[in-house]
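Novice: Turn these sequences into a full structure, and let the hints steer you where they fit.
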Amino acid sequence: MDNQFNRRDFLKLAGLLPISLSTPRLSRLLDTPSWIQEKPKNVIVVVFDAFSAHNISLYGYGRMTTPNIERLSKRAIVYHNHFAGGNFTTPGTASLLTGVLPWTHRAFVPNSEVAEPFASRNIFGAFQNHYRIAYTHNGWAYTLLRQFHKEIDELIAREKLLVGSFDTAIQKLFKNDDDIASVSWARNMRVNEDGFAYSLFLSHLYEDLQEKKIENFKALFPRGLPTTGSDNGFLVEQAVDYIADRLTSISQPFVGYFHFLPPHYPYRTSQEFYNTFNGDSFKPVEKPIDIFARRVSKNLLKKRKEYDEFILYCDKEFGRLYSYLESSGLLENTWLVLTSDHGEMFERGISGHSTDALYQPVVRIPLVIFEPSREVGMDVHTVTSAVDVLPTLTHLTGERMPDWTEGIILPPFASTDQIPDRNVYLLRANNNDQYAPVTMASTMLIRENYKLHYYFGYPEVSADGLVRLFDIESDPEEMVDLSQSKTGVASELLNELKAKLTEVNKPYR
Amino acid sequence: MVNFITQRYSRQGLWSLFLICAFPLHFWTLILVFRDISWLTERTNAWDAIGVASYGMVFAFIESVVIFLVVALLGLLMPKQWEYDRRIAFLGLLILLTSLWGIISQLLFLWNVFLPAQAIEFLRNSSHPLRIIYAACLMVVTPTILLPAYSFIRSKKAVTFMKNIMERLSLLTMFYLFFDLLGLIIVIIRNIN
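These protein sequences, in sequence, are chains A and B. For this note's numbering, add 480 to where a residue sits in the first sequence, where the first one is 1. For the second sequence, counting from 1, position 191 maps to 172 in this note's numbering; every step adds exactly one.
Since the hints were made in silico from the structure, they are not lab data. Note that the Cβ used here is the ideal one computed from N, Cα and C, for glycine as well. It cannot be assumed that every hint is accurate.
[Claimed, not checked] Here are some of the chain A residues that sit facing chain B, going by a computed Cβ distance under 8 Å:
id: 1; residue: Pro590
id: 2; residue: Tyr678
id: 3; residue: Leu682
id: 4; residue: His861
Specialist: Below you can see the structure in the form of structure tokens.
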């Protein structure tokens, strides 16, 4: 037998090489969902800050605040019972980005960073094969993005999309304490915000300088240019244009995280929506003043109206971003997620979200997932959490599911419809030491239709804490506290929550 | 230039002028800081609230220096024959009166004091509402500046009275400057990390 391996044999075998190389990949595709079998998809997460599901017409609010989102959602998956991880920027954003709850990532103190392991265990670290790009107007969210910078290919500088002001100089001067320096600068210099400022003389000169800078925008924003809370103005239009432009230029697949500040306070809508809801027939449900309304807010109806009008501005800009992505063809290959970091409330004597109370408006947020090529909308009423977004996105794009996440794959993408008896938690512990057991906090546990509030460590509540129980399905406005009438459910959920707290406190004792 | 300044101010006089410039600015900053502190603690935490207050004190010090320089320069325009004490007392009076009006204008917002409805209606119907507001302000503010100024020209008692007030307020301002120093230390600590 001639064992000689000649040139012809070699060429014959070489022809088989491509098949042999692709075989392992093909076999992997056999048990993978159909949407992954194509080229890797992009992911865009759009966050509007302090965007309460309670005030969104898509979720049944009495004012038409989101006509564009409603129209677009007819081809999307809409989650009706979605909850944030915290009730202000730092814990809410950190939970969304890391896929774990505040007591795990530990960023529950204002403007704090997550615990060291989560500097890489986050959405950017999970998408190693994607180009990762991020932007935010929000200083506290930017603190987190800066912490994740090693995992981000392009972190767009926050100042880049702000209308220039002296605040930027203050941030550069006090770069290790930029947030508090900016707040103090605003309290010193921004006399127009409240009609008073620490500075008696220079504030007026400064205001004149600022006025000159934004003169061209004045007609467009009758309540003033939207600001980041200090004196940094911005336009969502500018941010949307810039981001849309970048997304068509960068390499694919990509993961984009874009966190816009509106409708966060100050509620400064554009001329187009100014006074849209003046004199309308909408009347919110009247509710009693809450124990945590430490300084009872006045003009709640006026603030709510201005907030609702600011939502219209967000809605329009989201619609514009969507149209841009659609017309550029990006949407055909992109999972687009619309959500928020926390809500906002205008009831029970409380305005905004800087509150220890955990009522629905401040914790229930929107989640809408736009699936590439989906033509028919879907409504999901299962209770879901912000920590579910990261594992779901990795699953949808064929990335490795993070082993650290506390979330689950969202329906309808999960193989099982839902995990029975699943608990959804939220924590607010902004006055607790970051790396100490949680001893003063507001916590929430939702299981099916029951929502338990548990407040402890506050001077307003007894040593045993304060417990409230609501059936959020039959009583979505949380008017009837069931903690005394349904003691069995209340104690079962409370015991479970306490056991969870004991478990998460263990490493810090 | 140095000679020109020393002909008009003594070193002690300039120090007194600086203290009287710093007094209303620090006084107002502290009032608002105490007003804000619980609000800030609720939204952030105690350390950050102290941080905001510390920056506030440092900014107040810087503003005091700026206002002092402006006032000292304005003082050079005053009659040459005025003695040191009269010049400093007069400038001190002007800065206190101006600050008082500055504080009153902000207090109106803090106390939610607004014009009565009839006055607003009248302004709305007038063809030049802003001019009317400015004229009304001038009519109220001008006498409060002119009358004390006139009394300084006519009477020595007014100068002595003002000097006494300045001495007492200076002591309080020294205390405020101590807060500035504390504020500066806290700002440095916060920026070292």
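Novice: Each hint: holds or not?
Specialist: Hints, one by one, checked against the model:
Given hint, Pro590/A at the interface with chain B, holds; its Cβ is 5 Å from that chain's nearest Cβ, closer than 8 Å. A hinted interface residue such as Tyr678/A counts as satisfied when its beta carbon comes closer than 8 Å to some beta carbon of chain B; here the least separation is about 4 Å, so the hint holds. With 8 Å as the threshold, the beta carbon of Leu682/A comes within range of chain B, its nearest partner Cβ sitting at about 5 Å, so the hint holds. A least Cβ separation of about 34 Å between His861/A and chain B goes past the 8 Å threshold, and the interface hint is therefore violated.
When the structure is compared with the earlier hints, a violation turns up for hint 4 alone.
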